[in-house]
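*Asks:* So the sequence lines, in the order shown, correspond to chains A and B. Residue numbers for the first sequence follow the numbering used here, so the first one is 343 and each next one is one higher. Residue numbers for the second sequence follow the numbering used here, so the first one is 343 and each next one is one higher.
Among these hints, one or two may not hold up.
Repeated chains share a single entry, so a pair holds when one copy, or any two copies, can fit it.
[To be verified] Using 30 Å as the maximum straight-line C-alpha spacing, the simulated DSS-like pairs for lysine-lysine come out as follows:
1) Lys778 to Lys862
2) Lys591 to Lys750
3) Lys961 to Lys834
4) Lys834 to Lys944
5) Lys745 to Lys591
6) Lys577 to Lys471
7) Lys961 to Lys924
8) Lys577 to Lys745
9) Lys577 to Lys750
10) Lys553 to Lys471
11) Lys745 to Lys597
12) Lys577 to Lys472
13) Lys944 to Lys961
14) Lys962 to Lys944
15) Lys553 to Lys695
16) Lys922 to Lys944
17) Lys965 to Lys944
18) Lys597 to Lys523
Worth flagging that the hints you see were computed from the coordinates, not collected in a lab. All figures in this text were calculated on a predicted structure; none of them were measured in a lab.
This is what each chain is made of:
Protein chains: 2
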Amino acid sequence: MGMEKEIRPLKLQQVKVTDPLFGHYINKVSEVMLVHQWKALNDDLEGTDPTGCIKNFRIAAGLQEGERQGVVFLDTDLYKWIESAAYCIAIGSGTQFEGKIDQVIDILEKAQEKDGYLNTYFQITAPEKKWTNLVEGHELYTSGHMIEAAVAYALATGKEKFLQIAMRNADLICRVFGTKKGQIPGVPGHEEIELALIKLYRWTRDDKYLKQADYFVRQRGTAPNYLQNEIDGRKGPEFFPEFRNYSMKYAQAEKPPVEQTEAEGHAVRAMYLYSAMADLAKWQQDKEMEKACDRLWDNMIGKRMYITGGIGSSGFLECFTTDYDLPNSTNYCETCASVGMMMFGQRMAALKKNASYYDTVERVLYNTILAAMNLEGDRYFYVNPLEMIPQFCTENTYMDHVKPARQKWFSVACCPPNLARTLASLSQYLYACDEKGIYINQFISSTLSVDNSGQEIFVELKSALLTDGTVDIGISTLQATDIRIRVPAYAKDMEIALDGEKLSYIADNNYAVIALKGGKHRIELNMGIHPRFVAADHNVRADAGKVAVMHGPMVYCLEEADNGQNLSDIYVDTDANLLKGKAYEEFPGEVPAIEYEGYRVKSVGIEDGSLYGEARFTKKPVKIRAVPYAFWNNRGIGEMEVWQNISI
Amino acid sequence: MGMEKEIRPLKLQQVKVTDPLFGHYINKVSEVMLVHQWKALNDDLEGTDPTGCIKNFRIAAGLQEGERQGVVFLDTDLYKWIESAAYCIAIGSGTQFEGKIDQVIDILEKAQEKDGYLNTYFQITAPEKKWTNLVEGHELYTSGHMIEAAVAYALATGKEKFLQIAMRNADLICRVFGTKKGQIPGVPGHEEIELALIKLYRWTRDDKYLKQADYFVRQRGTAPNYLQNEIDGRKGPEFFPEFRNYSMKYAQAEKPPVEQTEAEGHAVRAMYLYSAMADLAKWQQDKEMEKACDRLWDNMIGKRMYITGGIGSSGFLECFTTDYDLPNSTNYCETCASVGMMMFGQRMAALKKNASYYDTVERVLYNTILAAMNLEGDRYFYVNPLEMIPQFCTENTYMDHVKPARQKWFSVACCPPNLARTLASLSQYLYACDEKGIYINQFISSTLSVDNSGQEIFVELKSALLTDGTVDIGISTLQATDIRIRVPAYAKDMEIALDGEKLSYIADNNYAVIALKGGKHRIELNMGIHPRFVAADHNVRADAGKVAVMHGPMVYCLEEADNGQNLSDIYVDTDANLLKGKAYEEFPGEVPAIEYEGYRVKSVGIEDGSLYGEARFTKKPVKIRAVPYAFWNNRGIGEMEVWQNISI
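Work out the full structure: start from the sequences and follow the hints.
*Replies:* Following this line, the structure appears as C-alpha cells:
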C-alpha cells in the first residue's frame with residue numbers, strides 16, 4: 343500500500359465531494375468567489391474601491407509606473423487567490439484559472455529580486471526598510487502565503503515555476519534569519535511563515551525548511567525579546583495605529599511557545615503558530631512541543647471557544663481575552679481564525695491520531711465557516727456574531743466591527759480568500775490514511791480513491807447526517823484493509839452495520855475500527871441523533887440561563903424572518919419537543935428547520951415615554967422555528983440569536 | 343420677598359446639608375478630594391505621574407521655564423478645582439483653600455495675555471495655532487470652565503479679580519467669534535462655553551454674553567459646517583487619534599441644535615449643549631428652543647438612559663449610540679455625563695416649572711454620582727458599569743475602558759473635579775424659589791434660610807426617605823407663603839400631613855402645593871414606598887427578562903461580597919418579598935440592605951474539559967442580599983450586577 347507510516351490527508355484529486363450542502367458552497371468558490379476576487383485583485387470589481395493588488399506586482403516587475411497601494415500585506419490576497427484556484431484545478435473545477443495564474447507567475451518572476459526577495463510594499467514604497475519592521479511589516483507572513491500558494495499550484499498542475507520563485511524566497515529567509523553571525527535573530531509579528539516552510543519541507547523533503555520553521559517557533563518569546571526591542575526602538579506604530587499598546591501576549595511572544603499554556607493574543611496569528619507547533623511536534627517527534635499543543639488546544643476548546651467554533655472574544659485587536667469571556671454580540675470570531683482553527687485541529691488529529699479533534703473541525707466547518715458566506719457566494723462575514731440587533735450596530739461605536747449583513751469586500755480582505763482556499767481544499771479534512779488503512783473524519787457525501795500498491799480502494803460515502811443522522815458507506819477493496827470511522831461526541835451510541843450485520847465496537851481514540859476483507863462492503867452508520875438543547879459551562883456569563891439548539895454538529899439560531907423582532911423575549915423549556923421541520927427550499931442540503939413550543943415573555947408595566955417601571959410580565963405560548971446558523975442573514979437583515987433564555 | 347419672578351436655585355450659603363449620607367460625601371470633597379486634587383495639580387500626588395497642571399500656568403506666566411505638559415485641555419482641571427473649592431468656601435468648609443486660590447489667581451493674571459487670551463497649551467506649545475483647531479483644541483471649552491470657576495469664586499467670596507480675568511477672556515471670545523466681517527464663524531468641538539457665558543450673563547446682567555452663547559448654539563450645525571470644514575482641511579486628527587472618524591453627529595453638529603430630535607454623540611458634550619439650550623429657551627423665552635429641549639430630553643430619558651441615570655452606551659468615543667441600546671458591562675456612563683445630566687435636568691425644571699425633571703436629577707444623584715466615588719473619597723470611577731465580572735476587564739480588549747475598581751487618578755482627569763464641584767454645590771439641586779414661594783426638589787436632610795423682604799423663612803428638612811420613606815419638614819415663616827413639594831413618580835400616593843392634619847392635594851406639575859399662613863408649621867410626608875422590583879422596556883434587549891431592585895430613587899445591586907461568584911446564575915421571582923435588612927455599618931446614611939428569596943440556577947450537564955454539553959440545570963433556593971449601587975466596590979474587587987434574571 344503506497345501510504346506513509348504517518349497519518350496524512352489525501353491528495354485533493356483523490357476525493358470528490360458530492361454533498362449537496364458543501365457542494366453548493368464549493369461550487370461557489372470557482373463559479374463566484376474566485377471570479378469576484380479576481381476582479382478585485384485587478385481593480386475591476388464594481389462598487390468597491392480599486393485594491394491595486396496585481397497592479398502593485400506589475401509596478402514591482404517594472405511593467406507599469408505608479409505608486410504602490412493598499413495595506414502592507416496586500417500581496418497575500420493574490421497568493422491566497424492562487425492557492426484557492428490551484429485547489430479548484432486539483433478538484434476539477436478550476437481549469438479556467440490556470441492561464442491567469444501562469445500569467446501572474448510571469449509577473450512574479452519579473453518582480454522577484456535576484457536574491458529571492460519579493461514583496462511589493464518593501465520593493466516599491468520602502469526598499470530601505472526591508473526586514474526592519476517584523477512587528478507590523480508582515481514580510482514573513484506574506485512570504486508564507488506565497489509558499490503555500492506555490493506548493494498548492496505545483497501539487498495541482500505539476501508546474502514548478504512558481505515553486506522555484508517561492509523556494510528562492512524561502513532560501514533567502516533561511517539565509518537572513520537565525521542566530522548566526524550576520525543573521526537577524528528575528529521572528530514574525532504575524533505567524534504564517536512557519537507552517538508554510540513545513541509545507542515546503544514536506545514537498546521538497548529538504549530538512550533546512552523544517553529547521554527554519556523550528557527556528558522561528560523556538561526563537562519566539564526568548565530573551566532578549568526581538569519584537570519587544572523592535573517596538574521599543576520605534577516608539578510607536580508605523581502601519582497600524584491600534585498597535586500603540588502592542589503587547590507580547592498579543593503576539594504570542596510573552597514566552598517561548600513551548601512554554602505557553604493559554605490561547606492568547608490575535609486569534610488568527612495564534613492559530614497559525616499553533617498549527618506550526620503541531621507540525622513540528624509531529625515531524626520532529628518533539629514531546630515537549632506536543633505537550634504545549636495539548637495545553638493550548640485544551641485551553642482554547644475548554645474555555646475560549648464559541649459554540650459555533652468561533653474564537654476571538656474581542657473586537658478590539660481581534661484577540662482572545664480570558665477564560666469564559668464569550669460575549670455574543672460584541673465578539674470578533676473572525677472567519678480567518680476559524681480557518682486557522684481547522685488547520686490546527688487537522689494537525690492535532692494527525693499528531694495524536696485521535697478523531698476528537700475532528701469534532702472541533704466539524705463544529706467550525708458547519709457553523710462559522712459556512713456562515714461566513716452567503717448562498718450566492720458573493721458576500722462575506724469577516725466578524726461572526728452570535729446575536730444580532732441590526733440597529734445596535736451603529737457607526738462609530740463599540741460594535742463598529744460587527745456588520746448586520748455580509749459585505750461585498752473589505753479593505754483588509756483576508757477572510758474571503760481564506761474561506762475560498764478552505765472550501766476548495768475541503769477534501770483534506772474528510773479523509774486521511776496511513777499504513778493502517780483509511781480514516782473517515784467527516785460525514786460529508788463524497789467519493790475517495792486510494793491507490794493501494796497498484797490496486798484501488800474506492801469509497802463512496804452518502805451522508806444523511808443532518809436529516810436523519812444516517813451515513814451509508816460503500817467500499818470496494820481487493821485486499822484486506824482497516825477503516826477507521828470517527829465516532830462524534832454527539833453520537834456516542836452510534837450504531838454500525840457491516841454488510842447488513844450490526845457490529846459492536848469499542849472506539850479507539852474516538853475511531854470505530856472496522857477490519858474489512860477484500861471485496862465490496864457496505865457500512866451503515868446510524869448516529870442515533872435528534873435535535874437537542876445544549877448549555878454552556880456556567881462560567882460563561884453571557885450564556886448563563888440560556889440554551890442553544892443543535893442537531894449533530896449544526897448550531898441553530900432564531901431569525902427575525904421566522905420569529906419576529908425582540909428575540910430576547912423568547913423563552914424555552916429545556917424539555918420541549920424539538921421537531922425536525924421542513925427544510926427551506928432556498929437553503930441547500932435539505933437541512934431541516936427545528937420547530938418547538940416556547941414562550942414570549944414581555945415586560946408590560948412600563949408607562950409610555952418611560953424606560954423603566956413596574957416589573958410586570960406577560961408570558962404567552964409561541965411556536966419557535968430555528969434555522970442553521972450557517973444560513974443566517976440569507977433572508978434580509980434582521981435580528982438573530984443563538985442562545986435562548988430558559989424558562990426556570 | 344426678594345425673589346425673582348423666575349424659578350431659580352438659591353445661593354449655596356442659604357442651604358446647609360445635614361444629611362448623613364450626602365453629608366458624608368460632601369465632607370469628603372473638602373477633606374479629601376480637594377486636598378488630593380490640589381496635590382495632583384501641583385505634581386505632588388504620590389503614586390501618580392506628575393500632571394504639570396499648575397506648572398503649565400507658571401510657565402505661561404513667565405514664572406518658570408520648561409515645556410508644557412498634559413492633554414490640551416489640562417487647564418480645566420485647575421478651573422474645576424477652583425470652582426469646587428469656591429463652593430466649599432460658600433458652604434463653610436473651604437476657608438483653607440482661599441489663600442491657595444488667591445495665589446493661583448495671581449499666576450493666572452500674569453499668564454493672561456493683553457487681549458484676554460489665556461490657555462497654557464496654545465500660549466506655550468503652539469501660539470501660532472490659536473483658534474485653528476476648534477474640533478479638538480478645546481480652547482472654548484477651557485475658557486468656559488474658567489468662567490464658571492470665576493463666577494463661583496466671586497459668588498463665594500465677593501472677590502472679583504478672577505472674574506475680571508474671566509471677563510477679559512469672555513470679551514475676547516465675543517470679539518473673535520461671530521458672523522461679522524473679520525470674525526471666525528466657528529463653534530466649539532466640545533461645548534461648555536455656552537452655558538458658562540450664560541452664567542456670566544446672569545452675574546453681570548450684560549446681554550452680550552447671553553447673545554454670544556446664543557450665537558454659539560445657533561451657529562452650530564449650520565451650512566457651511568464650520569467643524570466639518572475644519573476637519574476636511576486638516577485631513578486627520580491633531581490631538582486625539584480616535585477622532586479619525588469624527589462625525590458631525592458625534593459633535594451634535596449634524597444640524598442646528600434647535601432642529602435636533604435625538605440625544606447624539608459624545609454624552610458629556612451633549613449635556614453641556616442641551617443645558618445651554620434650556621437656559622437660552624428660558625432667558626430668551628424661545629419656544630422653538632424649548633421644543634428642541636423637550637424632544638432631546640424625552641429621547642434621552644425615554645430611550646437612552648440607564649436605570650442608574652448613566653448615559654453613553656459606547657466605550658468607544660464615549661457616546662450615545664441608538665435607542666434602547668444599553669449594554670450593561672461594556673457601557674461608558676461617564677461620571678461627567680451624569681454631572682451634565684443633573685445640570686440639564688435642573689435647567690429643564692426651571693424652564694418648565696415641573697418637578698418631574700428632578701426625578702431624573704435624583705436618579706442620577708443617588709446612583710451614578712454617588713457610585714463614582716469610594717467611601718474614603720480618594721478613588722473614582724470614570725466609567726460606571728452596571729455589571730462587573732472583574733477578570734473580563736482584561737487589558738487591550740473591548741472592555742479596556744471599564745475598571746473593576748475605582749482609580750486614584752486619571753490621565754484625563756475630568757471626572758473627579760466634576761464630581762467635586764457637583765457635590766460641593768449640591769444645595770442648588772435641593773431647593774429653588776420664585777415669587778410664588780419655595781420649591782422642595784429633593785428629600786435630603788438640610789436647612790434653608792430664605793430672606794423674604796427682610797424677614798427670614800426657615801426650613802428644616804429631616805429625611806428618612808431611604809429607610810422608612812418619611813420626610814419631616816419644619817417651616818417657620820412670618821408671612822403667608824406657598825411651599826411646593828415634589829411628588830416623585832415612585833411615590834404617587836405620597837401622603838402629606840400639615841400640622842398633624844392629613845392634607846389632600848392635586849399635584850401641579852408634579853408639585854404638591856401647600857399654602858402656609860404665617861407661623862411655625864410642620865409638614866410630614868409619607869411616601870408610602872417599599873423596596874420594589876423594576877423592569878425595563880422590552881426593547882432594551884440587555885435587560886429583557888430581568889429586573890432590578892429599587893427603593894425610592896436608589897438602585898440596588900448584587901455584589902460578590904454578599905452573594906458569592908457567578909451572579910448570573912441568580913434568579914428571582916418578581917413576587918418575592920423584598921425585605922429591608924440591616925444597614926451595613928461601613929456605609930453611611932443607614933441605608934438598608936434589601937433581602938429576598940431567590941434561586942441559583944446552574945448548568946450542570948457539561949463534561950470536564952468541555953464548554954458545551956447537555957442542557958441540564960439545577961435550581962436551588964438561595965437568600966439574596968442587595969446593596970445600593972452607590973456603595974458597590976467598597977468591599978474589595980468582585981462581581982456585581984444590577985439586573986437579575988427572573989424566574990419565568
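*Asks:* Could you run down the list of hints and mark each one as holding or not?
*Replies:* Quick rundown of the hints versus the structure:
1. When the C-alpha separation of Lys778 and Lys862 is checked against a cutoff of 30 Å, the pair qualifies only within one copy, where the shortest distance is 19 Å, while the shortest distance between copies is 102 Å.
2. For a Cα distance limit of 30 Å, the shortest separation of Lys591 from Lys750 across copies, 26 Å, qualifies, whereas the shortest one inside one copy, 33 Å, does not.
3. When the C-alpha separation of Lys961 and Lys834 is checked against a cutoff of 30 Å, the pair qualifies only between copies, where the shortest distance is 28 Å, while the shortest distance within a copy is 37 Å.
4. Taking the closest pair of Cα atoms, Lys834 and Lys944 come within 30 Å of each other only across two copies (25 Å); inside a single copy the shortest separation is 39 Å, beyond that limit.
5. For a Cα distance limit of 30 Å, the shortest separation of Lys745 from Lys591 qualifies both inside one copy, at 27 Å, and across copies, at 20 Å.
6. Taking CA atoms no more than 30 Å apart as the test, Lys577 paired with Lys471 passes in both settings, with 16 Å inside one copy and 26 Å between copies.
7. Only within a single protomer do Lys961 and Lys924 lie at most 30 Å apart by alpha-carbon distance; the minimum there is 27 Å, versus 35 Å between protomers.
8. Taking identical chains as interchangeable, the C-alpha atoms of Lys577 and Lys745 lie at most 30 Å apart only when they sit on different chains, with a minimum of 26 Å there against 33 Å within one chain.
9. Taking CA atoms no more than 30 Å apart as the test, Lys577 paired with Lys750 passes between copies only; the shortest distance there is 27 Å, against 36 Å inside one copy.
10. In this assembly of identical chains, the alpha carbons of Lys553 and Lys471 lie at most 30 Å apart only when taken from the same copy (26 Å versus 57 Å across copies).
11. Taking the shortest alpha-carbon separations for Lys745 and Lys597, only the inter-copy value of 27 Å comes in at or below 30 Å, while the best intra-copy value is 35 Å.
12. Taking CA atoms no more than 30 Å apart as the test, Lys577 paired with Lys472 passes in both settings, with 18 Å inside one copy and 29 Å between copies.
13. With identical chains, the CA atoms of Lys944 and Lys961 are at most 30 Å apart both within one copy (7 Å) and between copies (23 Å).
14. In this homomeric assembly, Lys962 and Lys944 come within 30 Å of each other (Cα to Cα) both inside a single copy, at 9 Å, and across copies, at 25 Å.
15. Taking identical chains as interchangeable, the C-alpha atoms of Lys553 and Lys695 lie at most 30 Å apart only when both belong to the same chain, with a minimum of 24 Å there against 80 Å between chains.
16. Proximity of Lys922 and Lys944 under a CA criterion of 30 Å is satisfied in both settings, with 27 Å inside one chain copy and 28 Å between copies.
17. For a Cα distance limit of 30 Å, the shortest separation of Lys965 from Lys944 qualifies both inside one copy, at 16 Å, and across copies, at 26 Å.
18. For the identical chains of this complex, Lys597 and Lys523 are intra-copy neighbours only, at 24 Å inside a copy versus 64 Å across copies, given an alpha-carbon limit of 30 Å.
This entry satisfies every hint, going by the numbered hints stated previously.
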